[in-house]
Structure formats: C-alpha cells, structure tokens
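Visitor: These protein sequence lines are chains A and B, in that order. Residue numbers 43 to 370, in our numbering, belong to the letters of the first sequence in order. Residue numbers 1356 to 1615, in our numbering, belong to the letters of the second sequence in order.
Source of the hints: derived by calculation from the structure; they are not laboratory data. Since we're looking at a predicted model, the values are computed, not measured. Check before you lean on any hint, since a few could be wrong.
Lysine to any residue pairs mimicking SDA-like chemistry, simulated, CA-CA at most 25 Å apart [claimed, not checked]:
no., chain 1, residue 1, chain 2, residue 2
1, B, Lys1492, A, Lys363
2, A, Lys363, B, Leu1513
3, A, Lys363, B, Asp1452
Across the chosen pairs, the derived CB separations fall in these ranges [as the list claims (entries may be wrong)]:
no., chain 1, residue 1, chain 2, residue 2, range
4, B, Ala1488, A, Ala254, 50 to 58 Å
5, A, His359, B, Arg1468, 24 to 32 Å
6, B, Arg1469, A, Leu179, 40 to 48 Å
Idealized CB from N, CA, C, for every residue including glycine.
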Amino acid sequence: MRGAAGRSARARLVLTALVATAALVAPFLLGDYQVYQLSVIVVYIVAVLGFDLLTGFTGQVSLGQGAFFALGAYTGVIALTKLHVPYAATPVLAGAVCFVVGTLFGRTVARLEGLYLALATFALAIATPQILKLDALDAWTGGSQGINFGKPASPLPTLLNDDRSLYFLCLAFAFLLYTGAWNLLRGPTGRALVALRDQPVAAATVGIDVAAYRSTAFGVSALYTGVAGALGALVAGFISPDSYTLFLSIQILVGGVIGGITAIGGAIFGGAFIEIVPDLVSKISDAAPWALYGLLLIVCIMVMPGGVAGLARSILHAAEKSRKARPR
Amino acid sequence: MAELRETPLLRFAGVSVRFGSIVALADISFEVRRGEILGLIGPNGAGKTTVFNCLSRLCAVHQGEIEIEGRSLLALSRHEVSGHGIARTFQHVALFDTMSVLDNVLSGTHTRRRAGFLTDALRLPAVRRSEHAARAKARDLLAQLGLSELEDVAVADLPFAVKKRVELARALASDPKLLLLDEPAGGLNHEEVEQLGDLTRQVRERFAVSIIIVEHHLNFVMRISDRVVALDFGKVLAEGTPAEMQAHPEVIRAYLGEPS
Chain A
43 MRGAAGRSAR ARLVLTALVA TAALVAPFLL GDYQVYQLSV IVVYIVAVLG
93 FDLLTGFTGQ VSLGQGAFFA LGAYTGVIAL TKLHVPYAAT PVLAGAVCFV
143 VGTLFGRTVA RLEGLYLALA TFALAIATPQ ILKLDALDAW TGGSQGINFG
193 KPASPLPTLL NDDRSLYFLC LAFAFLLYTG AWNLLRGPTG RALVALRDQP
243 VAAATVGIDV AAYRSTAFGV SALYTGVAGA LGALVAGFIS PDSYTLFLSI
293 QILVGGVIGG ITAIGGAIFG GAFIEIVPDL VSKISDAAPW ALYGLLLIVC
343 IMVMPGGVAG LARSILHAAE KSRKARPR
Chain B
1356 MAELRETPLL RFAGVSVRFG SIVALADISF EVRRGEILGL IGPNGAGKTT
1406 VFNCLSRLCA VHQGEIEIEG RSLLALSRHE VSGHGIARTF QHVALFDTMS
1456 VLDNVLSGTH TRRRAGFLTD ALRLPAVRRS EHAARAKARD LLAQLGLSEL
1506 EDVAVADLPF AVKKRVELAR ALASDPKLLL LDEPAGGLNH EEVEQLGDLT
1556 RQVRERFAVS IIIVEHHLNF VMRISDRVVA LDFGKVLAEG TPAEMQAHPE
1606 VIRAYLGEPS
C-alpha cells in the first residue's frame, strides 16, 4: 500500500512538473491572441477551484459562482480606476471583499441543503447583472455600458508584452491559490470539510462546527472566484454586466464537473474546457454549436462520471492492479 | 459499588424529552461513575438512543439537567460536546464514507487540535507537526484495534463489523472520558460478540474511559456491565448490578418475559 501511495505521488509529481513547464513555456510559443486565451483559461481554472472547494469538497451546490466572479471583477476595476490601486493588487482586494460577502451569504444559507441551496445561489446569479445595471450605481459601475479601462501595460515591456505580463500575473495567482487549496485539502480543515459533506451529524460529534465550516468554505470559494473575476477583468481590459450572466455560473459548474469536482487537479481541465470547447464546437458546426456542445457534455459524463480527474485516478488504479497481478 | 467517592462523571437529573406529543424520555435520572461500564437496556422505543442523542445534543431537552463533570452539557453546542470528553458510535454506523480508514480516525482528533483555513492553506510548521502527531496517534489506535492493514482502504468497502471497529477508533481518537456505544453488538455473529466483550473491557482499561452501552443483546450487557439501567416507556424502570437486575421482578417481566 505504501508503495502504491509512493508511486501515485511520483506520478503526480511528474504530471505537476509537465503542467508547470508547459504553463511557463507556452506563452513564448504562442501569438498574442492565444496568450490572451491562455490567460482566460487560467482565470477559469481559479474559478473552478473555488467551485470544487465548495461543491466538490464541502457538498454545497452552487449555481451562483458567476455572481462572485462579477463582484470580484467590479471590485477590482473600481479599485483600479477610482481608488488607483496598483493593478496587480486588485485581485487581492477583490478576493478579500468576496471572502467577506461570501462568508456572510454562506452564514445566511448555512441551513439550506442540496437543491434549496442551489436555488438560493441561483437567485444570486440571476440578480447580479441587473443589479450592476442599476442607475443608482451608475457612477461606480458604468451602468449597462460597463467600464472600459484598457489592459494594464506591462511593467517590463522589453521582456514581456502586455498580454504575456498579464498571463504571468494570472499564473502567479493561480499557482498560489492552487497550492493553498492543495494544502488546505490535505490537512485537518480539508478533512473536516469532507467529513461534514459525507456525514454532517457524525462530523458534529467529532467536534466539527458544521455551520461555521460551511460558511467559511463559502467565503473561501467566493475568494477564489472573486480573484478569478478581477484577473479576468484585467485580461479583458473592460467589464460589462452582460459578461456575468447565469450562463457564466453554469459554465463554472460545467468546468467543475467535467474536470472532476473532488480532485483539484481536475480544475485545470475544467478551466480549459470552459474556454476552448464552445469555440471549438462553433468551428465544427455553424448551425448548431450548442447542440454539439450538449452532446459532448453527455458523452463526457457517460464516459468519465468522475470527470477527467476521476478517469485519471481509475487508470492509475487499474495500472496498480495489473502490476500486482503480475508474478514477481 | 454503592458508595460515591467523587462527583460522578455524568449526571442525568430529571431529564424529559418530547417529540411533539410523544414523550421520549420522562424524568430520567441516573449517574455514570468514573471508569465504569454502564449498560442501558430496554425494549424498542424505550428511549435508549434518545439518551445518547441528548448527550450528543442532537435533540432538545425540555426539562432537567445533564452534567458532565459537574458542568452543564445543555449549555454546549453539538460540536463542543466532544471537547468535553464525550465520544460516540452510532447504531447504524456513521463513518465518512469517501475517506480512508486512517482519515476517518484522523477526523476523530479534530476536537483536540486547532485547524484554521489560513494556517492549513499555508501549511505552517505548526500544522505539519500537529498533523504528524495526529497520524502517529491514529496509526497507534488502528494497531491497537487490529486495523493497521486497512488504513488506506475506503471505509465504504468494509464489512459492517469492521466499520464498527473503525468507528470505535475514531471515537477514541478524541481522548474521551466517556464513550457512548450504540448497539456495538448489532449485526455481529456469536464469536464476534465474544471478542467485542473482551475488547470493550480492554478499551476501558487502556484508555481510562467510562462507557455507556446501549444494547439489545442482553447476555452481552449483563456480562460486561458494572451496572445496568433499564428503561421502559421513557422511564427508568430499575437500576443495579447485572445480578440484581437479573433478579429484579420488573425487569424480568419487561425484558425477559414472564417466568413460566
């Protein structure tokens, strides 16, 4: 057993090294638009991580991640344009604001389970674009036009152009948040989250404050999503309410499920799926891209019920079994 | 046996619990002394599991007081109970199904540790140390309960009797003073029940805990308990040593059937 654990740790290490190398080298091999797309993928990876923490590990189904994505984006851009916060620091501020709002929202809905919680978060997602368009907030949000502030310029123009520098900013945040999630989930807090998801009553009897963990997990998830929103805004150079509809929340959910919600490595596939697949299907079929997308989703779920991460896990498992079956 | 040398570990004083118009417990009073094994018997619906649920703060107490080491238990929230030294198992087993055996037992240490989102995310040296110590402790518990080989197995894949043992390990991981075992012999075969009796006594000695056992298996309770409390229709019917209980006319009538 120990040997198996060691081998799967090695496999993970090799995989991590590969992904890290690709992430560092790719922007220098790609054109500006593709680097921009890569940045968007990284942004979605962070958002999917937030979704996985909440829905995968804590068992709280959220259809409202888009609302926190929007809150993060607007917080970041308002901080940048009105308060003149350095652009690289705006995701931090956005994360902090979303953490507070998310925790408060999480506390309010802590008693809701399953579909009822999904409904409450759905309400959040459906309300957000319209709130952002309110006349009363126009001075801050720019109303239905949004805010066009232009991509921040690279601090090192000789080394990195604007798109590449923004990409590396996204990558740095993604790296920190990914490492944080990884550490969190393998420690006592991660165990507490999974425990209260699996068996809330027993979790309470071993001393886990279920309501407090649920609401803090909500806050942490909102933090991740908010950072993603702020990064996404920087990468795009503008924000508008219609970028943050319910469909964004659903896409984050799709990314989570396709990647595998109970393994954070899956977020990498999930983020890529959100950005690449809609583009891809519209290239294949002009007439019915979403029908094709839908079909693809169904196939994915049938073939890999645990998402990409689940598939990888079962392949490792099968390899381990055949290894044991072989005589030595 | 009868003399009282110190404050009891646990005291139920006139506890009543109602579910709507149904009276689940009516004015229950009894004590648990340090280091004793107390058997709680009674027919279905007598209120045995309700007693445990009061102790876990899973149900509201309408009247009376419960004290652990002289302090009010009713002032605590559910998740604070284990910090005051009460751990339990469940009649139908309530393990964390997606976790490994080791992780389940590690979860049991939660109440004795400080876990914070930020300190964990940064994996500070203190977290690393505490995790290391918890792992050593959990592995030691698994070894004592003969579960070492299973530490990486997902609990969902285990047979019922083994799950019960894992649940016991998880309960012990919180360093309890009082262990609540809800039908530990349920679903076990004759031989396993024999082993469980020895194990329960060993646990009491090694971990210096008091134990309350709720159990249908009357022979088992009578064999391992120091004292027995018999419940019927939410009331205490009788209380005494196993020998006294076996001779008690009310108990004989209620549980052992009319002598023929």
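Visitor: A separate judgement is required for each hint: does it hold in the structure or not?
Guide: Hints versus structure:
no., hint, in the structure
1, Lys1492(B) with Lys363(A), "violated, 30 Å"
2, Lys363(A) with Leu1513(B), "holds, 19 Å"
3, Lys363(A) with Asp1452(B), "holds, 22 Å"
4, Ala1488(B) with Ala254(A): 50 to 58 Å, "violated, 24 Å"
5, His359(A) with Arg1468(B): 24 to 32 Å, "holds, 31 Å"
6, Arg1469(B) with Leu179(A): 40 to 48 Å, "holds, 41 Å"
Comparing the model with each earlier hint shows violations of hints 1, 4; every other hint is respected.
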